[in-house]
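Throw the hints in and build the complete structure from the sequences for me.
Protein sequence lines, in the order shown, are assigned to chains A and B. All the letters of the first sequence, read from the start, carry residue numbers 109 to 552 under this note's numbering. All the letters of the second sequence, read from the start, carry residue numbers 109 to 552 under this note's numbering.
Just so you know, not all the hints are guaranteed correct.
Given that identical chains are not distinguished, each listed pair holds provided it fits within a single copy or across any two copies.
[As the list claims (entries may be wrong)] In silico DSS-like pairs for lysine-lysine, Cα to Cα no more than 30 angstroms straight-line:
| hint | residue 1 | residue 2 |
| --- | --- | --- |
| 1 | Lys516 | Lys459 |
| 2 | Lys423 | Lys379 |
| 3 | Lys236 | Lys256 |
| 4 | Lys468 | Lys246 |
| 5 | Lys379 | Lys459 |
| 6 | Lys459 | Lys403 |
| 7 | Lys468 | Lys423 |
| 8 | Lys236 | Lys423 |
| 9 | Lys479 | Lys221 |
| 10 | Lys516 | Lys221 |
| 11 | Lys516 | Lys423 |
Keep in mind the hints are simulated off the structure, nothing from the lab. It should be emphasised that the depicted structure is a prediction, and the values quoted were computed from it without experimental measurement.
2 protein chains.
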Amino acid sequence: MASTGLMMQLPLLISSILEHAERHHGQQEIVARRTEGNIQRITYSELAARTRRLANALVSAGIQPGENIATMGWNTVRHVEIYYAVSGIGAVTHTLNPRYSPQQLIYIINHAKDTTLFFDITFAPLVKAIAPHCPTVKRWVMMIDADKMPAESPVEGLINYEHFMSGASSEFVWPQLDENMACTLCYTSGTTGNPQGVLYSHRSTVLHAMGANTADALGLRRTDTILPVVPMFHVNAWGIPYGALMVGAKLVLPGAQLDGPSLYALMEEEKVNIAAGVPTIWLGLLNHVLQNGLKFSSFRRTLVGGSAMPISLIKAYDELGVHVMHGWGMTEMSPLGTVSQTSGPDLELDKAAQYDITAKQGHCLFGVDMKIVAEDGTELPWNGEATGELLVRGHWIISQYYGGDGQKAFSQDTAGRGWFATGDVSRIFPDGTMQITDRRKDVI
Amino acid sequence: MASTGLMMQLPLLISSILEHAERHHGQQEIVARRTEGNIQRITYSELAARTRRLANALVSAGIQPGENIATMGWNTVRHVEIYYAVSGIGAVTHTLNPRYSPQQLIYIINHAKDTTLFFDITFAPLVKAIAPHCPTVKRWVMMIDADKMPAESPVEGLINYEHFMSGASSEFVWPQLDENMACTLCYTSGTTGNPQGVLYSHRSTVLHAMGANTADALGLRRTDTILPVVPMFHVNAWGIPYGALMVGAKLVLPGAQLDGPSLYALMEEEKVNIAAGVPTIWLGLLNHVLQNGLKFSSFRRTLVGGSAMPISLIKAYDELGVHVMHGWGMTEMSPLGTVSQTSGPDLELDKAAQYDITAKQGHCLFGVDMKIVAEDGTELPWNGEATGELLVRGHWIISQYYGGDGQKAFSQDTAGRGWFATGDVSRIFPDGTMQITDRRKDVI
Numbered sequence: 109m110a111s112t113g114l115m116m117q118l119p120l121l122i123s124s125i126l127e128h129a130e131r132h133h134g135q136q137e138i139v140a141r142r143t144e145g146n147i148q149r150i151t152y153s154e155l156a157a158r159t160r161r162l163a164n165a166l167v168s169a170g171i172q173p174g175e176n177i178a179t180m181g182w183n184t185v186r187h188v189e190i191y192y193a194v195s196g197i198g199a200v201t202h203t204l205n206p207r208y209s210p211q212q213l214i215y216i217i218n219h220a221k222d223t224t225l226f227f228d229i230t231f232a233p234l235v236k237a238i239a240p241h242c243p244t245v246k247r248w249v250m251m252i253d254a255d256k257m258p259a260e261s262p263v264e265g266l267i268n269y270e271h272f273m274s275g276a277s278s279e280f281v282w283p284q285l286d287e288n289m290a291c292t293l294c295y296t297s298g299t300t301g302n303p304q305g306v307l308y309s310h311r312s313t314v315l316h317a318m319g320a321n322t323a324d325a326l327g328l329r330r331t332d333t334i335l336p337v338v339p340m341f342h343v344n345a346w347g348i349p350y351g352a353l354m355v356g357a358k359l360v361l362p363g364a365q366l367d368g369p370s371l372y373a374l375m376e377e378e379k380v381n382i383a384a385g386v387p388t389i390w391l392g393l394l395n396h397v398l399q400n401g402l403k404f405s406s407f408r409r410t411l412v413g414g415s416a417m418p419i420s421l422i423k424a425y426d427e428l429g430v431h432v433m434h435g436w437g438m439t440e441m442s443p444l445g446t447v448s449q450t451s452g453p454d455l456e457l458d459k460a461a462q463y464d465i466t467a468k469q470g471h472c473l474f475g476v477d478m479k480i481v482a483e484d485g486t487e488l489p490w491n492g493e494a495t496g497e498l499l500v501r502g503h504w505i506i507s508q509y510y511g512g513d514g515q516k517a518f519s520q521d522t523a524g525r526g527w528f529a530t531g532d533v534s535r536i537f538p539d540g541t542m543q544i545t546d547r548r549k550d551v552i
Numbered sequence: 109m110a111s112t113g114l115m116m117q118l119p120l121l122i123s124s125i126l127e128h129a130e131r132h133h134g135q136q137e138i139v140a141r142r143t144e145g146n147i148q149r150i151t152y153s154e155l156a157a158r159t160r161r162l163a164n165a166l167v168s169a170g171i172q173p174g175e176n177i178a179t180m181g182w183n184t185v186r187h188v189e190i191y192y193a194v195s196g197i198g199a200v201t202h203t204l205n206p207r208y209s210p211q212q213l214i215y216i217i218n219h220a221k222d223t224t225l226f227f228d229i230t231f232a233p234l235v236k237a238i239a240p241h242c243p244t245v246k247r248w249v250m251m252i253d254a255d256k257m258p259a260e261s262p263v264e265g266l267i268n269y270e271h272f273m274s275g276a277s278s279e280f281v282w283p284q285l286d287e288n289m290a291c292t293l294c295y296t297s298g299t300t301g302n303p304q305g306v307l308y309s310h311r312s313t314v315l316h317a318m319g320a321n322t323a324d325a326l327g328l329r330r331t332d333t334i335l336p337v338v339p340m341f342h343v344n345a346w347g348i349p350y351g352a353l354m355v356g357a358k359l360v361l362p363g364a365q366l367d368g369p370s371l372y373a374l375m376e377e378e379k380v381n382i383a384a385g386v387p388t389i390w391l392g393l394l395n396h397v398l399q400n401g402l403k404f405s406s407f408r409r410t411l412v413g414g415s416a417m418p419i420s421l422i423k424a425y426d427e428l429g430v431h432v433m434h435g436w437g438m439t440e441m442s443p444l445g446t447v448s449q450t451s452g453p454d455l456e457l458d459k460a461a462q463y464d465i466t467a468k469q470g471h472c473l474f475g476v477d478m479k480i481v482a483e484d485g486t487e488l489p490w491n492g493e494a495t496g497e498l499l500v501r502g503h504w505i506i507s508q509y510y511g512g513d514g515q516k517a518f519s520q521d522t523a524g525r526g527w528f529a530t531g532d533v534s535r536i537f538p539d540g541t542m543q544i545t546d547r548r549k550d551v552i
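See the structure below:
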């Protein structure tokens, strides 16, 4: 007769991350460039109080568990508040990517049946264009100081974010939800067809953030200052708004200004030592630094993903004293699947060999498994030569798309285990290092 | 209506750690000093195959899920095999601490109703003494090469470990157990009364190992070589046999030889860069190094726990180039609750201030919460002055003792949340740093 362990049973919840940050790192700061233009500083303790006020406001507005609440916003404090408040009450934070076309956004909002949409003033013209085609959205909320609301409103009945939460109490007890409930929703586009939704659970999100905080991945610490340049509308900024609060790291948010000079200034002022973003962002920053003969006084590590980091860029950052951590993943993977970086004995190799390690996609984090398969589905060997489509499975990997589209990406092996087909073509070396070599043309 | 996330649902299982190590770090090694005297080297791939053979042997012997299987052994490869094989089939690895008195061991074995006991030859006299009083134990298995079995057997019907698994196949599919099932059992003694059992679950153990692998805790990496001097019969060697396999670190096991010269030789030969153990072990090693004018060529970090690390010892290791990570926890906490170590801006402080940080107990890992309470149970402020009994809760904290003893250590707050009373008296500083100041006399 099997026996049950006698350990405490606590659900893995988004709200538990915020509670942890408030209790154990309440004095730590978030520093953010606001859409209003100035720099904001707020402690995790203050953030938690404001988030509870927002939670009360959401509940008072009649928002129910399971309801999809959209955001169209930059990396800001208010966006972090929404992440935690919406998921915390059991509703779903649906981050809209403003880089989609208006037609795609209209499709996505209607597909998700979003009932509320929080947006930054930057996106007012876009909101004006799509609002008439989004009948499910009952509330349009602009994330801006009350005294800075625009004279001309993009939609009828526009609500101000600060007004929305102004009357609410900062006392709120987070419900002990089922950890398998949905917490966030993010649409991703394949090469054909409509964007498809990925519906993350509290459990998958917390496990992913714990995995990302392990030393071989992003490895955030209490004394780190991290700048996620990767947007909060893109796979939850790779989970950094969760991971930073878990360890009590200082979180620096760039708002709408992602150009090299703005990022450099923010990094120097706030003594950022870790940043995360796509290669093009790092190219822009590098150009600014090189053209102006600058150097980084605190920046030491960067997590790069979204597309492959060229060796020339890895080398350029290494020469500026910045260690590159090269991540691979997808929206469907929360997103981190593998991370490649040099450590320990690797650092005794010559530089070219080190860059070659970093430029590959690296090893699977614990919690993620992968395999490569031939056209007929048979598994291929990890000999560093055979290439085939890369399939993945794990605690933070999608099991089906929201709304049931794209079923051909999902398969079961003979042992009954589910796999997700990434669309990437890879080889895997005998030591477990993975390298993307190509992309399938017919990806969904 | 709440919605369920659409991510893969995989249980958090001990067997998934071994599968991960085999697939993604199959070439990595375990190096162990054997009780037979020589050094053994085995890859994770070979370990996984042997563990499957052992699993088949256990099932063939009729061992059922939920059955308690005892071990009395040093840190060796066979002990690792038992950890994974027994938990993997749904039975419970019950590690016996040979430092208990024979009377206590007899009590524990009968209380747990262990059916099988695996032991090292070192403990043959102890086994001979207790065996007549352990009627539930049907199989006594000595972990030794078949040709090195002792002429005189400590028990009737003694089984050899290699014989036990010799006929078994290395093909075995690990069952997809409920993650809340028990995987390991460890007894701990308070200051009065009988030892009490802590029954860990697969979920709690995997989450604890993930937490221990975060950068602010042990922070193990693929390129690390870790030596757990802390015994596998003591709170699962602080989870290192799980955490090392999760990341693919090289695992070095000291066997029965824990003296300074033996540890030093093993560390130098295997290029150990991280080790873990109690302060007395590090004192022994330090004396050997200082008396012989030695230095460490690879040793760079040590996790110390079990009792407080004196500042003099922190300083001595720092001067030898070894960074001290100071952990606090209990058997009832899997064991890691807090870790204290310097990083980032701390390293710009003068040495005395750095040692002062390290000598405290540090911050809670995500997954663990704590509070201090007055005699009447009211929560005390985190002002660095008030001291009170330390209570904890979290994913890897005990909810009740095995067999239902010691209930007065468990309480519920007004919000219905359960807490475990540690028996330690502490203060907590406003930044979340905890410091143990005393120990309650009436601890259970």
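A quick look at each hint next to the structure:
1. Lys516 x Lys459: Close neither inside one copy (42 angstroms) nor across copies (60 angstroms); limit 30 angstroms.
2. Lys423 x Lys379: Classified as both: same-chain Cα gap 22 angstroms, cross-chain 29 angstroms, threshold 30 angstroms.
3. Lys236 x Lys256: Within one copy only: 18 angstroms inside a chain, 83 angstroms across chains, cut-off 30 angstroms.
4. Lys468 x Lys246: neither (46 angstroms within a copy, 53 angstroms between copies)
5. Lys379 x Lys459: both (27 angstroms within a copy, 23 angstroms between copies)
6. Lys459 x Lys403: For Lys459 and Lys403, the Cα distance is within 30 angstroms both inside one copy (20 angstroms) and across copies (29 angstroms).
7. Lys468 x Lys423: Answer is within: at 14 angstroms inside a copy they meet the 30 angstroms cutoff, but 40 angstroms across does not.
8. Lys236 x Lys423: Neither: 44 angstroms inside a copy, 64 angstroms across copies.
9. Lys479 x Lys221: Neither: 36 angstroms inside a chain and 42 angstroms across chains, both beyond 30 angstroms.
10. Lys516 x Lys221: Only inside one copy: Lys516 and Lys221 sit 25 angstroms apart there, 50 angstroms across copies, limit 30 angstroms.
11. Lys516 x Lys423: neither (39 angstroms within a copy, 60 angstroms between copies)
When the structure is compared with the earlier hints, violations turn up for hints 1, 4, 8, 9 and 11 and for no others.
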